Every structure is written in C-alpha cells, then in structure tokens.
Amino acid sequence: MILPGNATVTDATSIIALPAAPLHALEIWSNPQDLATRVHKALGFALPPMNRSAGNAAITLLRYEPTVWLVEGDTSVLADTLGDDGALTAIGGGIVRFRIAGPGWRELLLEGGVFDTSPAALPVGATAATVIDHVGVRLFATSEDACIVYVPASYAQSLHHFWEEALPLLGA
Amino acid sequence: MSGPTRVPSGEETIEFTFDGTSYHARQGDTLAAALLANGIGLVGRSFKYHRPRGIMTAGIEEPNALVTVGTGGRAEPNTRATDVFVYPGMVAKSQNRWPSLSFDVASIFGLAAPALGAGFYYKTFFGPAKHWLRYEGFIRRAAGLGNAPTEPDPDNFSQSAGFCDVLVVGAGPAGLKAALDAAEAGKRVWLVEQDAVPGGSLLRDPDPAIDPGAMVERIEALGGKVFLRTTASGYWDHNFLTLSQRLVEPGAVPPHGFAQRLWHVRAGRVVLATGLIERPVPFANNDHPGVMLSQAVRSYVRRWGVVPGKRVVIATNNDDAYLTATALVEAGAEVVALLDARASGPAAPAGVTVYHDARPASVSGRKHALRKVTAVIGGSEQSFDADLIAVSGGFVPVSHLHMQAGGKLEWNVEAQAFIPGSNPQVCETVGSALAPPPAPAVAPAGKAKKSFVDFQNDVSLADIDLAWQEGYRSVEHLKRYTTLGMATDQGKTSNMVALSRLAEKQGVTVPEAGLTTFRPPFTPVTMGLLAGAGARNAGAHVRRIPLHALHEAHDPIWQPLGYWFRPRAYPVNGETLQQAALREARTVRTAAGLSDVSTLGKFEVSGPDAAKLLELVCATTVGKLAVGRGRYTFMCREDGFVNDDGTVWRLAENRYLLTSSTGGADRMAHFMSYVRNSLRPELKCSVVNVQEYYGGIALAGPKARGILAALTGAEPPRHMGYAPGMLAGVPVHVLAASYSGERAFEIHVEASHAAAVWQAIEAATRAEGGAPYGLEAMELLRIEKGHVVVGGEVDGRSTPQDLGLGGMLNKAGGFIGAAGLTRPALSDPNRNNLVGLVSLDGPIPEGGMLIQRAGQSPQGHVTAAARRIIEGGAIALALLQGGHHRHGEELIVTSPTRGEKARVRVTSPHFYDPAGERYRD
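Sequences listed follow chains A and B, in order. Sequential numbering from 1 applies to the first sequence in UniProt numbering. Sequential numbering from 1 applies to the second sequence in UniProt numbering.
Hints listed in this document are in silico derivations from the structure and should not be mistaken for laboratory results. Computed from a prediction, not measured in an experiment: that's the story for all the values here. Heads up, a few of these hints could be off.
To be verified - In silico lysine to any residue, SDA-like type, Cα no more than 20 Å apart, as pairs: (1) Lys187/B x Asp116/A; (2) Lys367/B x Asp385/B; (3) Lys684/B x Thr81/A.
As the list claims (entries may be wrong) - Stretches of chain B that chain A covers, calculated by requiring three or more beta carbons in the stretch to come under 8 Å of a beta carbon on chain A: (4) 150-163; (5) 542-552.
Even for Gly, the Cβ is constructed at its ideal location relative to N, Cα and C.
Next up, chain A with everything else stripped away, as it sits in the complex (with noise of 0.2 Å):
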C-alpha cells in the first residue's frame, strides 16, 4: 500500500506519494466554444490546449485527450458551468499522484519509459499521457525541478519500487 507522504529522497532526485486529492475527468461532448468561454469567466483562466496545464489555487486542468481534461482540485465552480455539454466524473481513488523531484526527474521518466521528457518536449507546464514500464501514467511537469506523476492505484507501490530501484542508475 503507497501511503501519502511515502518518500525516497537520494542526493539529487526524490520520489514522494502524495496525499489523495480529489481528481476528476472532466469530458466535453457539446457547445466546446462556448463552453470554453463559460469556463473561462468562471474560472478566470482558459482550458488548456492539448498536452498542456492551466490553474489557479483551487483547481488546475490537464489535457491529456482531445475531449477530456484531468482536474485537480476543487470542482464546484467547474460543475456549475457545464450544463449539458460536459460531465465530471470522479477518479480520485484510482489514482496516486507521485512527485519526482531534483534534477534526474526527467532521466528517471526515461526508465522504462518511450516518452521524451527533455525540456524540449516536455517543458514546465507540459504534460503527456504515455506508459512507463507498461504501466500507463500521466506526466505534469509542474517546474524545472519536479514532476507530478499520476499512477493507477493498483501499480502505485510496484511502480515506487521501479523508481526506488532505479535511481542508483541516474548519471550512470
């Protein structure tokens, strides 16, 4: 079981399950434009294009499909202004965020891994939908320094240990 606060912290580069935060799917069907504005005004902020994050203290987004977004955060604003073009559905339970921070972050992702995480492709406010050692994950990078990494349940501890046991490699 990955217990929020479960850390590995090396020299460089650490590895931290954090607390369970609500996350939802938030899936568009009808009306994007105009729901873009919707939510635009009641957020204060647009939705991200693909492969991108946007946010403010309560609530950020993530795009990682063409029609759905990840959400992180406080929903009630969001919820509001959806009507019939849009559902939230709640996955917060199924999933553990992990931090991966310090300067191997982006080598540690290439571990098992067929994303690029240069800053090039991945930069700070990126993110992307891929698979890490046959496990799909999702990536946001949040800084130069750090990564959120957000990992089915059921492969949270098993994936941890991948990290844990890999991180002697960085630089190798």
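Guided by the hints, dock chain B onto chain A, whose structure is given.
The following block gives chain B in isolation, referenced to the frame of chain A:
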C-alpha cells in the same frame, strides 16, 4: 619457446582464473589478450567435432574463443573472450569439453567427421517417432556449447528510452568525426561504441593527427552523450534502434544492482560507422590455435603489447596485412614468410620475405600454437617452421544494421565484398565500411574437408560442396542444411567465404548466388535484458487491489488473475485449499460471506445520450431501466459472439454504472473507447473507466441483507436495485446483485476508503457466523448456480443463444453484434450449447472431453467442474453440441492426458435455486 607471450611490465595487477588456474592481467586487457599474454592459445572446443580452438580475432566477431564467465546465477556462457574485459576476481571457464580442455573425450567425434558432414541429422534421425526417443537424450546432451546457469540471475536489467537528433554507431575515426560535426552543429548527439575505449581502428593503427579521447571530451562538452560498451544490436522502423549497454563486465557484481541496460532510442538521423571485419582464409586445419586474423594480430601487438607468435607466417590477398608484418617486426617477432596470393604487392619491411602467387595449404601444431605452415607457392609446396599464421582474406563491411534498416547492398568487385547502398530510413554509412581495401578472390589450397568456413558450427568447404552436390542451390537452403552462419557469431567471419564457394560451384558471381538476411540482434543479447525489470514477475508489474494489505493479514492463498493478485481462499487451522473453499462456500450458503470484487471492470457513463451508448454496447435493453435499478447484461463483438458480461445500473437520470468481468476489463476499456470515440463520437455522453476508482466488496448469503441494513441504517435495495448509502462513515454505492445464487450485494466505495468499509462489513459478518471467501469458493458458488464466467464458458466462440441468454437480447436490435447474430451458422442447432453435467460416479475432470462411447470424436468439453456445496456430488458446466436439446442424455467425460473419466448425465446448468427464490427477501 614458442607461442603467444607478453613481456611483463609490472602492470599485471589484476588476478583472474581460467579453468581454475590463477593468472594476471593488465588493466584494459580483454580476456583474450590476457590469455595470450599468459601463453595460452587453446581456449575452447568446437561445437561438433570438439576440435581444439584458439583466439582468432580481437573483436565481437570471434567464432572460436567462447567461454563461460562468472559463477552461480551470474554465469554467462558463450561469452567471447575477445569481448570481455578482465576484472579482479574474474572466473572464466572453457566450455564443451570433458574432462578437461586439454583432454576432451568427445574429440573422438573428429575421427568420425567423414560420417558427420552436412545433413547428418537429416540423414540419420528419421523413421518412426518412437525412435526419436532414443536419439533425443544423446542429442540434447551433445548439443550446445556453454551451459545456462541453473540459479536465478541476481542482477537487474534496465530498459530506458533515449532520444537524439543524431545517433552515431561506432567510435572509430569516421564515427568520431561524424559525431563531433553533428555536436558542433548544435545537434543532440549520441555516440555508441561497443569497445571499452573509443578509437576503433585507431587503437590498432594510431594516427597522430586524431586523438579519440580529446574528441570524446569535445563531444560531451557540447552536450553529446558517449556510450562505451554499448552495442547497437537492432535497427527497427522509423529510426528506432535498440542499444545494449554493459554496465559491468559479464559475471561481475554491479555496484548499483544493474548489469546491463537496454536503450530504446529514437534518432532523427543515424550514422553507421561500423567498419570492417576481416575475412579468414580457408586451408587445412585453419581452425587450429595459432591461426589468427591479421588485423587481430596487429591489435594484440599494438594495443595490448601481446605478441601472439614468435615465428609468424602472414598470408594475404591485400595490402593491409603488410602493416601486420611491420607491427610484428617492431615487436621483435620474426616474420618468416609473407604469402601474397597476388602477383605483386607493396614493399614489405626489411628482412621479411614475400612470396607472390602464394597461398597457405595447411598447418599443424601443438596445444597452444602452430608448429608448421605449408604453403603452395607458384604451384609448389613449401613448409615453414612457425608458431603463428596471420591471415587476411579481404574485408567484409559491417552492414548488418544497414540491412536491418531495410538498406540495399552493392557489390564491390575489387574488394569482393558487399557494401552499403541506399537506405529507406534517415541513415547513412560512413568510413571504411564504404571503401574496403581491394582484395581479389583467391582459390583455396588444401583439403576441403578440414578447411573450415564456419568455425562455430564446424562447417567446412567440403560441407558446402556436399550440400551443392545434394541439390541445395539457394543460399537459404545451404544455410539451413549446413547450419552455416548460425549460432552466436551469426556468420560474421564465415558468410562471405561460404558465398564465394557457393558462387564458384554455381558458376555465378557472389551477388548472383545471393545473401542471407541479417536480423537483430547484431551480437547476442541476454534474455534478462529483454525481460527488463519484469523478469521476476512474468514480465509485468503486480497490480495490487486496494485491500491487499487487509487480505495479507489473513494469510490467504493468492491467485494471479491477469496482472492482479486476489485471495483464492483463506485457510484456517491447516485447511487445504479445497477444504477452505468448501467451508467458505458453505458459509455463504448458510450465513454470509464477503469477498473482494474490486477488480471488476467498471465504467461510469454520463450525459443525455448515455443510454444510447449503452444500448449500443450492451446486447440487452438498457434504456428502460428506472433510476435505482440495474440488470444483468452482456456485450457482443461485431461478429455476434459474446465478448464480456456484467451489470448495468442507472445511478441517476443521466448517469449509469456498467460493470464487466475482471479478466475482460482491459479489453472492455478498449471496446468502450472504440465505441465512444470511433463509432459514435457525436453522442452527448462521457465514458470514464472507474475500475480503480471504486473498491468493491461482495456481501452474500441469507444473512447479508440484515448485516447490510444494520451497517447502513437503511433497508437495502431489492434484488437488482441500487441505492446510495453511508457505511462506516463513507459514501457507498449499494448494488443488489448476486453471483453466488444467494441474496447478495456489491458495495462500491472510493478505493482509498475501502479498507474502513471492508473492516466494518467483516466484523459484522463474522458476528453473524460469516467469513471472507475467496475465488475458489466463488467458483463453487457460481458453478452450482450456473453463472457463466468470461474465459470459461464465454470463450470467444459462444453466442448469447449458446449460453442460454438469447431470451435477454434486445429485441429492437441496434446493439453491436446484432447483425452478426443473423448469420445462419450461428443458429445451427448443433452448435456447442451450455449445459450442466451431474456425475453418475466419481469427480468430473475439468477440461475433459464429452463423448458418447469410447473411440468417438469429442462432442464438447467441460468448462468448469465442482461439487455440490451442501449436498455433495460432482457437477460441472460444459459446452456440448446441440446441448440445449440433450438434457437427460448420459455421456462420458474423458481426459486421456490425465487418465480420468466419469459418466455423467446432461442437465440444465442451473443446479441451485433455478427459480431464483433465494434472491427474494
């Protein structure tokens, strides 16, 4: 004294063992260099005839000097002594010999060589199958070279992704230049080199104008990456390459736990600077220790300070070997003859006698070196006392990766070699591989039978001639008939020599004779590297259910289920699996049980068009479900066969929950995505996979309703009803569904809260005399009830009608599979139908075949067998031809592989409460 030597310098500080004897090596020595430096020329035995073999090359192409390096689970057999660097404590052993390398009993096979030529197996081991049982043991014992370790490999293997603008393969002069040019142009550069140091041919033939170390530093300073001990082993589509990187030498203990790393690299452009491999020369006994390739001799002299022989004959058809003469002379060796097959050549070093129109015919020798070289010079034989012959039959460009990438080859007549031509990928070859030195074809001298072409498989010129004589014309047939070009070296030194012989036999040019295909890997890759981190878990991460830790506290028997692990049973007081499962099932039948069903597939479908989408996905009606109601459903493929089954629930006006089987959950996720995004993207609905969002707990048994009512403080919904509720202070969905045949509920809760809910239900259930039950009890319960399971009765070949579900089909049609079901063949009354079986004597063998009498073809098979939970007696579910109409018939279930059979009577599959009375309160 003769044979290989090295003058000690005091730098021989690394101790290692070979066949149990300790030796010393210098830092940077390959095992081959270290053995030669210690006077050891005999390193192994050949595959078929167990002929003594030495060190032929100085690189990865080595066919002879194969050894086992390391001990225990780290032992790596068939390691090329030329491709492993000595480290302190290295343990190396020779292979394929008994009792010792010097005295190998199996070398007696060499005496039988005339009878063991090409096609020996095909000509000998045929006849009735039972004869094979006699041959098999012997062949298995004789086959192979090194032995695979029997212990698990303790090391890890990494697999990493890599991305670059330019990938350069080979850090010789051309590769270094290409990498540096690209780095200076601002490209993201990777340079990979299979050796431990950069330089390639510069290590053998230094050029004062080129400093490999400085170039590497410059490349790295510009942001490039340089990988040593890394081999580009595979070139796939779209400039995707696999690189195998040795993080430590074979058999060594890795400081960070990882022995090797497999890189999956996507490159914008690939530059192949892979160089040349020297071609051996066929003559009698050309496999004896003391026969080496010319450039290899030069490498040992100049790179490692080893002089492989003191009296050396050089045999060549090109100018390059003259450089070897110079190197040997400079090292103090005597070059007793330089045999040049051509009429003329360049100037030789002072004191070296050059013979033109001269070819080696045979050699003879001692254990570690040669004694005599016999040559044909201008038509006459002449012998030389020599302990080494350095041969060069020309050069073969290393075009393996070029060909793997789909590149074409062009024939270079002067060099008698294929060189890389056009390539459909963004790939180019540079350096010596494009311009091999001229080397004319030379007719071999000496006896064909002992003139070896493929040293790993003991294939001689005579074998090629025999294959030709027996009608094998295609180079592909030649390869398979003689085993030419197979094994660990994949013909790197043998292919061109063999092709030349084949072309000569056919009276055509080499390109007309053809060339076999180069396939990955370029050099052998250990299985662990391909398995990666998953090597210890059947190639995949273990999926843990949210209640894993709680179950673990009960010390259950775990059952792998796909990637999941679920409790199979919770034995107590030393119960066996069967005893525990029966107790748990009886508890469900008489009191109550709880089980973890978190792994069920689950999809939340919302929006105004949610019902429309579900009526497409589900083969039953959905649209008429009232809020708070659910129903059993199943899904078909487009061909009409049942794909999965589950339940569908209307949680709110525009919100549904669809559950599906555990085993089919991933398949259903793809299916739902396909339907939503490809078939009906215009629908106003959202489909979200919530399999992991919800933990699921089944509570079943006659006391289940009371237990749940007490826990939630509310009357539970009636059968196939839904109600939200609170349990243990946590919001839950209560679905009144039963898989066991008892009044039952599924309680779905956000996974992170599932533990609290389980603990509350378990405590209440135990207080009522109940207990947790696992998959085995669930199987007993569902078989007795006659419920199908995906992967058992739903086997991808069953229609709804076959399974007795035809009456539930949506009569309005419109669902996926409706059209497929109209095909006449799917209405054939003789299709396999689901039936029940009651034993008339003993247990029913699961998987057994259904027959009417002995000798008859099977008419069906048993999909699942069990025993009645309360009453006892064996029952089973089966798929039987025309089964719906054969109730009452007596059949035989037979399992010849297990030697089991039972007489059975065909019945309805519903053995327990067929009217469903127990679902009702």
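Going down the list of hints, with the structure as the test:
1. Lys187/B x Asp116/A: holds (16 Å)
2. Lys367/B x Asp385/B: holds (16 Å)
3. Lys684/B x Thr81/A: With Cα atoms ~16 Å apart, Lys684/B and Thr81/A stay inside 20 Å; holds.
4. 150-163: Holds, because 7 residues of the segment 150-163 of chain B bring their Cβ atoms closer than 8 Å to Cβ atoms of chain A.
5. 542-552: Our answer is that it holds, as 7 residues pass the Cβ test (under 8 Å) against chain A, meeting three.
Checked against the numbered hints above, the structure breaks none of them.
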